[in-house]
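J.: So you can see what is in the structure, the chains are spelled out below.
There are 2 protein chains.
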Amino acid sequence: MRSVAIFGVGLIGGSFALALRKAGFAGDIFGVSSPQTIEAALSLGVIDRGIGVEEAVDRADFFYLAQPILSILQIMAATRWPDDVVVTDAGSTKRQIAEQAAESIGNAFFIGGHPMAGKERAGVQNADADLFQGRPYVLCPRVPEDVDDPRFQDLRDWIIRIGAKPVILNASEHDRLVAFTSHAPQILSTALASVLDGIDGASSVAGPAVLELTRLAFSPFGIWRDILQTNEANVSEALSAVIAKLNEIKQILGSDELAQEFRRAASGAQKMREQPAKYCP
Amino acid sequence: MRSVAIFGVGLIGGSFALALRKAGFAGDIFGVSSPQTIEAALSLGVIDRGIGVEEAVDRADFFYLAQPILSILQIMAATRWPDDVVVTDAGSTKRQIAEQAAESIGNAFFIGGHPMAGKERAGVQNADADLFQGRPYVLCPRVPEDVDDPRFQDLRDWIIRIGAKPVILNASEHDRLVAFTSHAPQILSTALASVLDGIDGASSVAGPAVLELTRLAFSPFGIWRDILQTNEANVSEALSAVIAKLNEIKQILGSDELAQEFRRAASGAQKMREQPAKYCP
Numbered sequence: 110m111r112s113v114a115i116f117g118v119g120l121i122g123g124s125f126a127l128a129l130r131k132a133g134f135a136g137d138i139f140g141v142s143s144p145q146t147i148e149a150a151l152s153l154g155v156i157d158r159g160i161g162v163e164e165a166v167d168r169a170d171f172f173y174l175a176q177p178i179l180s181i182l183q184i185m186a187a188t189r190w191p192d193d194v195v196v197t198d199a200g201s202t203k204r205q206i207a208e209q210a211a212e213s214i215g216n217a218f219f220i221g222g223h224p225m226a227g228k229e230r231a232g233v234q235n236a237d238a239d240l241f242q243g244r245p246y247v248l249c250p251r252v253p254e255d256v257d258d259p260r261f262q263d264l265r266d267w268i269i270r271i272g273a274k275p276v277i278l279n280a281s282e283h284d285r286l287v288a289f290t291s292h293a294p295q296i297l298s299t300a301l302a303s304v305l306d307g308i309d310g311a312s313s314v315a316g317p318a319v320l321e322l323t324r325l326a327f328s329p330f331g332i333w334r335d336i337l338q339t340n341e342a343n344v345s346e347a348l349s350a351v352i353a354k355l356n357e358i359k360q361i362l363g364s365d366e367l368a369q370e371f372r373r374a375a376s377g378a379q380k381m382r383e384q385p386a387k388y389c390p
Numbered sequence: 110m111r112s113v114a115i116f117g118v119g120l121i122g123g124s125f126a127l128a129l130r131k132a133g134f135a136g137d138i139f140g141v142s143s144p145q146t147i148e149a150a151l152s153l154g155v156i157d158r159g160i161g162v163e164e165a166v167d168r169a170d171f172f173y174l175a176q177p178i179l180s181i182l183q184i185m186a187a188t189r190w191p192d193d194v195v196v197t198d199a200g201s202t203k204r205q206i207a208e209q210a211a212e213s214i215g216n217a218f219f220i221g222g223h224p225m226a227g228k229e230r231a232g233v234q235n236a237d238a239d240l241f242q243g244r245p246y247v248l249c250p251r252v253p254e255d256v257d258d259p260r261f262q263d264l265r266d267w268i269i270r271i272g273a274k275p276v277i278l279n280a281s282e283h284d285r286l287v288a289f290t291s292h293a294p295q296i297l298s299t300a301l302a303s304v305l306d307g308i309d310g311a312s313s314v315a316g317p318a319v320l321e322l323t324r325l326a327f328s329p330f331g332i333w334r335d336i337l338q339t340n341e342a343n344v345s346e347a348l349s350a351v352i353a354k355l356n357e358i359k360q361i362l363g364s365d366e367l368a369q370e371f372r373r374a375a376s377g378a379q380k381m382r383e384q385p386a387k388y389c390p
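Chains as they are written, first to last, in our numbering: chain Z, 110 to 390; chain A, 110 to 390.
It should be emphasised that the hints constitute simulated quantities derived from the structure, not laboratory data.
Each hint should be verified, as a subset may be incorrect.
Stated by the list, open to error - Once the Cα atoms are required to be at most 27 angstroms apart in a straight line, the calculated DSSO-like pairs of lysine-lysine come out as:
#, chain 1, residue 1, chain 2, residue 2
1, A, Lys228, Z, Lys380
2, Z, Lys359, A, Lys228
3, A, Lys131, A, Lys274
4, A, Lys228, A, Lys274
5, Z, Lys274, Z, Lys131
6, A, Lys359, A, Lys380
7, Z, Lys228, A, Lys359
8, Z, Lys380, Z, Lys359
9, A, Lys380, A, Lys274
10, Z, Lys228, A, Lys228
11, Z, Lys359, A, Lys359
12, Z, Lys380, Z, Lys228
13, A, Lys228, A, Lys131
14, Z, Lys359, Z, Lys274
15, A, Lys228, A, Lys380
16, Z, Lys228, Z, Lys131
17, Z, Lys228, Z, Lys274
18, Z, Lys228, A, Lys380
Using the sequences and the hints given, assemble the complete structure.
T.: Below you can see the structure in the form of structure tokens.
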């Protein structure tokens with residue numbers, strides 16, 4: 110990695126640029142984004158220069174695609190990637206992006222990526238060199254042998270240097286797991302808040318629980334449209350599991366049998382807070 | 110209010126005692142609780158003295174019942190309340206307590222209460238004079254005319270002095286609303302965490318969303334058993350509404366129709382964060 114082009118210099122792309130610099134990356138960091146974003150990114154010192162796609166392809170050897178998922182799919186298909194460059198992305202779903210890469214990326218080296226980090230506010234103004242600190246960072250090799258390639262190891266090493274924890278998963282595994290840990294929670298919050306919108310007077314008894322469970326309901330649909338469209342079957346499976354569980358619980362609301370669900374739930378919640386035994390299998 | 114007896118000197122009862130004192134209450138504050146709790150409450154300066162139920166009934170003119178709901182129901186039925194004392198409670202459901210009061214409280218003056226405040230950790234060690242600051246505090250008069258009684262106004266004034274916002278609701282309205290704002294959120298978190306307990310590897314992609322949505326899953330069943338048993342029909346209604354919404358959303362996951370649900374959800378989430386126009390109707 111000598112010269113990096115960030116496509117989409119928003120919260121994630123901008124934070125990756127800042128994190129790389131803080132971790133000691135000394136090469137050029139170019140930004141490919143809208144003129145307003147480039148202006149903001151330059152004034153914040155997030156990138157060294159704004160350039161177009163063509164020039165980026167001429168000059169960079171590492172490409173970080175941090176746009177919305179459908180834009181990543183488009184730019185992958187529309188770009189003539191030079192042989193031997195490394196392309197990675199930060200999209201929240203991985204299978205369709207992996208398929209597009211297989212089709213479009215030629216002899217470039219592709220590694221799917223998904224940093225499990227974020228903030229309530231998007232945009233390069235909120236970019237933060239420490240955004241990835243302590244967070245899992247999923248890497249999806251095209252084939253298992255890719256993890257032994259020096260280019261894969263180079264990216265993994267940078268991810269460790271920026272403070273994140275690399276997790277190796279294949280794209281389909283990734284998409285199924287995030288349907289449960291990220292996409293279903295979003296839809297639960299959306300559904301609860303949408304129901305509450307119709308309950309007159311509910312705000313007069315709003316306590317901390319409802320504020321916590323409805324915070325995600327402010328998430329922008331633009332981002333979620335792409336995520337849900339590219340992970341529909343898995344999200345549907347995860348929602349079906351939660352709906353089935355809710356129906357089960359509804360049947361035993363007044364009963365001591367519910368104690369068992371509370372125990373299972375505490376165990377599940379605890380697991381989410383424990384570091385997986387092995388981040389890089 | 111000259112002499113206060115707190116039944117159940119835990120997080121809520123202890124905080125009410127500390128808050129009263131901080132707000133300038135100069136009378137006695139007695140505690141009725143287990144010997145260990147009384148010892149802790151005395152050493153923390155939360156109460157002036159620990160006494161038994163009999164002595165409390167002889168000496169106090171204001172009773173604050175802050176035990177679990179089923180214990181409140183029991184103590185109400187088992188106690189011979191003197192005429193003219195004021196009895197209030199801090200139970201999370203109000204209708205069954207109101208019914209028990211009508212049956213057991215004789216000529217004492219009963220006011221249902223529910224402070225919308227809490228902490229992750231229970232117990233008098235976590236009691237806090239500022240726990241109620243800025244939080245809604247529901248008062249349920251037995252009949253609408255009670256709000257004009259000086260005893261009701263005296264309690265309402267103390268609630269304002271401890272920094273809380275009195276909300277007047279009848280017990281049935283209260284129970285229906287909290288089913289949506291408190292009990293359904295608890296069950297959603299329990300159901301999600303219970304499902305996640307069975308998804309191997311999910312913790313490797315656990316981001317902030319799932320941590321937020323599963324925090325309530327650590328709530329102790331002991332408290333929730335009483336709440337759900339005494340509000341079963343309303344919680345069932347609220348869960349049915351959320352389940353129906355989840356099923357609707359599942360049908361349109363890949364569609365732009367979902368934009369409308371995201372808008373409605375943002376509106377609902379916003380309403381939960383806005384101060385109701387009128388706390389005391």
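J.: Look at each hint and say if it fits the structure.
T.: Hints and how they fare:
1. For the hint pairing Lys228/A with Lys380/Z, the CA-to-CA distance comes to about 22 angstroms; that is within 27 angstroms, so the pair holds.
2. Between Lys359/Z and Lys228/A, the direct Cα distance comes to roughly 26 angstroms. Compliance with the 27 angstroms bound is thereby established for this hinted pair.
3. A hinted pair counts as satisfied when its Cα atoms are at most 27 angstroms apart, and Lys131/A with Lys274/A qualifies at roughly 17 angstroms.
4. For the hint pairing Lys228/A with Lys274/A, the CA-to-CA distance comes to about 18 angstroms; that is within 27 angstroms, so the pair holds.
5. Note on Lys274/Z and Lys131/Z: the hinted pairing holds, with a Cα-Cα distance of about 17 angstroms set against a maximum of 27 angstroms.
6. A distance of roughly 25 angstroms separates the Cα atoms of Lys359/A and Lys380/A; the hinted pair therefore holds under the 27 angstroms criterion.
7. Note on Lys228/Z and Lys359/A: the hinted pairing holds, with a Cα-Cα distance of about 26 angstroms set against a maximum of 27 angstroms.
8. Taking the CA atoms of Lys380/Z and Lys359/Z, the gap is near 25 angstroms; set against the 27 angstroms cutoff, the hint holds.
9. Straight-line distance between C-alpha atoms of Lys380/A and Lys274/A comes to about 17 angstroms, which keeps the hinted pair within the 27 angstroms bound.
10. For the hint pairing Lys228/Z with Lys228/A, the CA-to-CA distance comes to about 25 angstroms; that is within 27 angstroms, so the pair holds.
11. Our distance criterion of 27 angstroms between C-alpha atoms is met by Lys359/Z and Lys359/A, whose separation comes to about 20 angstroms.
12. Among the hinted pairs, Lys380/Z with Lys228/Z is consistent with the structure: their alpha-carbon atoms are about 23 angstroms apart, no more than 27 angstroms.
13. The hinted pair formed by Lys228/A and Lys131/A meets the criterion: a straight-line CA distance of about 19 angstroms does not exceed 27 angstroms.
14. A hinted pair counts as satisfied when its Cα atoms are at most 27 angstroms apart, and Lys359/Z with Lys274/Z does not qualify at roughly 39 angstroms.
15. Annotation: proposed proximity of Lys228/A to Lys380/A holds, straight-line Cα distance about 23 angstroms (limit 27 angstroms).
16. With a CA separation close to 19 angstroms, the supplied pair Lys228/Z and Lys131/Z stays within the 27 angstroms bound.
17. Taking the CA atoms of Lys228/Z and Lys274/Z, the gap is near 18 angstroms; set against the 27 angstroms cutoff, the hint holds.
18. Taken as a hint, the Lys228/Z and Lys380/A pair is honoured in the structure, with Cα atoms around 22 angstroms apart against an allowance of 27 angstroms.
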